Amino acid sequence: MADSSSRPPADLRRRFLIGLAVALLAGVGIGLALLTRARTTELNFRRQREAVVTLRALTDLVERAGGGTAAPAPAPAPAEQDSTTAGGGGMGMGLGQELAAVESGAAAQTAADPGAAVRTAVERFAAAHPGTKSVRVVTFEGLLLEASTAAADTGAKAAPRKLERDEKPLYDLGQKLRAAVSENRENTAQGQAAVGEELALQRLSDGSLLLAGPVEHRTSDGSDVVGMIQIHTAAPPVTSALATPWGPALLAWLVPVILFFLLSLALGQRRALLAAVASILLLAALAGFGRYALRALEEGRRETGKALAAYMTDEAAKTSSLLAELPAAGLPNATPLDASRWDADLFRHPRGLVTAAGTVDEKGLDAEIHGDAVRLHRSIILLALLSLVLLAFVGFGGAARVGHDLVEYRQAYSYTMPAMIAMLLLVFFPFFYGVALSFTNDNIYNSSKPITEIWVGLSNFKDILSDLSIFHRSATGAIDYHNFYWTLGFTIVWTISNIAIGVTLGLILALVLNIKGLAFRAWYRVLLILPWAMPNYITSLIFKGMFHQQFGVINQIRQMVGLAPIAWFDGPFTSFLAVLTTNGWLSFPFMMVVSLGALQSIPADLYEAARVDGATRWQQFRSITLPSLKPALVPAVILSVIWTFNQFNVIYLVSAGEPSGATEILITQSYKLAFEQYRYGYAAAYSMIIFLILLVYGTWQNRVTKATEGV
Amino acid sequence: MMGTRAMRARTNGEGGGARHWPLHIFLIFMLVVTIYPILWVVTIAFSGGQSLAIADVPANAGFFDRLRAIVPWPAHISLSNFHSLFADQPFARWLLNSAIVAGATTVLGVFLACTAAYAFSRFRFPGRRAGLMSFLVSQMFPGTLMLIPLYIIVVQWLGLGSTFAGIILPYATTAIPFCVWMMKGYFDTIPKELEESALIDGASQATIFLRIILPLAKPAVAVTALFSFMTGWNEFIVAATFINKEEMYTAPVGLRFFVGGFSQQWGYFAAGSIIAAIPVVILFLFLQKYLVSGLTAGAVKG
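From first to last, the protein sequence lines stand for chains A and B. The opening residue of the first sequence carries number 1 in the numbering used here; numbering runs sequentially from there. The opening residue of the second sequence carries number 712 in the numbering used here; numbering runs sequentially from there.
Just chain A, same shape as in the assembly (with noise of 0.2 Å):
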């Protein structure tokens, strides 16, 4: 670096000139990017709501024409049939209206082929598709492929038949849609949010969507998900991918690029004017870019928004005129078909984007419109953050110096290179993509969003820190054992207490095993390291299994002395005890270690010295052990302190957390939070705090260290 002086001086017109263009290469190339996916998602996402509006068309129809109600067996019980075919709007018939639906619903039941409705319906639906590949209706009663237009369904396989063992996929994939949908309805019975998506959506390679819905059966009071339906749509044409628009880019790029070279002629080597004019430039052109982009996405939403009003109202004809050719004429049809519910998200929810009528909602779409704008100016913010930052590096001669250093000092770089790169990717980028994600709510139903997408800001932090109700809002007991402070506090006894009793075994310990002419010193020793050698999953299992309140040992050794056997982990300080031992037995000998070296590191003479002196034992202790252990003690205390405070084996393996969470510490709590309830963002955010109390624990031993190396 000293030789960086000695350089000619640069020219600094060049260097901005190749600055602004690398820093717009970056910029706009990845604007470029994030635009190309976003409008080909949109196209996707085009292509999915007209696939959903096509199943739910085809499942309204199903579901009238009787579709999941088919049962295999020759002779269903009236009774049943009763609830079969009762019709949806049950509330609001006369009495006269039902028992007729009742009567033509048993009539069309007892008819030799009871599936034959709805199988005409599904192949005249599928030839009024074109877009659709095949139709399967799937009834789960008796296992059955009541309909199907797929290619391989025919001759010895058409159907009605039932499902092979192969099949089993569908059968299962129908299963989980009706697990949904009865959980969804009472998450929202109970005011809660719907969990489970009630279609299944699957992307094929080659473009084409395999969607799934649940086929309900509405008795007067409520409906039965009694079957499913398969829609596999043809693959989209190849030429309707969406063109990346080069030529807007290649204007964004140029022009600055053309206009600085020309600029800087007159501005001459004036290096803040020229950063200047480069950053106005780049700016420009970066909003200039987002304009386009913001302009080429609201024209995407709206066509997106005329195509799909059209589709539903094709849609809503076609299938009318099917319902009124269905063979079963009579069938109950209470209620009229309601294709504004058919654009539904996967929850089937009604997007409510497109009217009754058929019409777009423009309110609905100059919202959405609204959110892409709001999107759009974060990317370009970042885009303009980065694009900057890459633009001083480049203008004021860091990437000179970079380059310079990195020929000059290539020997070590290519020594460190391997494990710079293996830290910067599985070390470092993680760390940084983390504190990132401790800002979004990220979870695993939208983990494949980009980043700006679910960005939440500082909620998660607000949400973790500022729920001081610890002593409410439980459901088990008075204390709510998921909130944070609750977990901080039993971390901090539990660091705190572990280190007692390490602290104090192992000096104690290592005070005998130092007594010269203490016979066995050597076994003793050997045999007490022996809980720190152990894997520490394996003592904690071990401890587990002694723990357990029929078979444990523990238990028996109390009844052996005419105790009651204690359900441990039942409470939480007896499953506190429980981590306690397991703790404490496998972080003794490291203290013990740790004091045994230091003690013996002790130059005897000082003993004589003071016992010349006269000083007594107890003195001796207070101001020659105490004070020689210090400098061997105080950096095992502060390492026990990191790991109890992270012993996440420990807590995980024995206790669990249990009961409900009281004994989980904070990296356990952030692990579950992530791993078994999925809430990535939350958990990032969770982890964010506990690395943050680590590093103010770090600065402050590291005072601490200072201060003690200083006595």
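Errors might be hidden in some of the hints.
What the simulated footprint calls covered on chain B by chain A, stretch by stretch (three residues with Cβ under 8 Å from a Cβ of chain A suffice, anywhere in the stretch; the number is not a length) [stated by the list, open to error]:
| hint | stretch |
| --- | --- |
| 1 | 743–749 |
| 2 | 939–952 |
| 3 | 974–988 |
If you're looking for bench data, these hints aren't it; they were derived computationally from the structure. A quick note: this is a predicted structure, and the numbers were derived from the prediction, not measured. Note that the Cβ used here is the ideal one computed from N, Cα and C, for glycine as well.
Fit chain B to the known structure of chain A by using the hints.
Frame of chain A, contents of chain B only:
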């Protein structure tokens, strides 16, 4: 030393060891506490059954029935747990997986650590201090903080869930900082004159590293390698999170599988634990003095 002995002789009188009996009682008590869980595992392993009780306790058990149930000696001695661990359970596969993972972690980790530590010890270059400090700071990242992004990157993005690479890479990289600091400390003690004279003789930098420095640093390389191996062999949580195929389990995850959830195969667990623990316990007892000095020298791992 002579002085000490003379002093002891004076204070203890001629009785010597005999006066230590209260200490021996204390130590033996501690030994019982220490050894008991280990004996318990051995007992269960050789019991031939899957129960975690050492002996059946009758309904109206007396003192001696209870005593029998805690004495770590199996009712029948049988090797059947060990036998069926390999014959009926995929434990051999799990051990092999662990060996592959720990072995590859060692090779990769030691290679990365040696080269980097050599550069940090011998060259002065821009970013050297920053690099060393960043290694130290990275040791403060708590495991689960890294686990979430690592899981998303390794499993969701790279699709390396349930593969060897998916756990070897995180193991090797998270071990780098500790290994680098340890190796650097050792390289610093090798005199520079050796290399200077080799340079004068016309040796290249690579030759010096491979032919002179590495052979001299053999003890440090060996210790680093053994630590890396033990880390890979004992690691539980990353493996448990990243691997969900039974045939890809490592030994720790497999052992947990025996007794986790509703599974209660304590006999298999005990037998497997003994097999999995013996090599690391021996290694540990052998390495323990390096570990203490290395740890307290400043490397902090959470």
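How the hints compare with the structure:
1. Check on the stretch 743–749 of chain B: 5 of its residues sit with their Cβ under 8 Å from a Cβ of chain A, so the three-residue criterion for coverage holds.
2. Coverage of a stretch by a chain is defined here by at least three residues with a beta carbon nearer than 8 Å to that chain's beta carbons; for the stretch 939–952 of chain B and chain A the count is 5, and the condition holds.
3. Residues of the stretch 974–988 of chain B lying with their CB closer than 8 Å to a CB of chain A number 5, which satisfies the three-residue condition for coverage.
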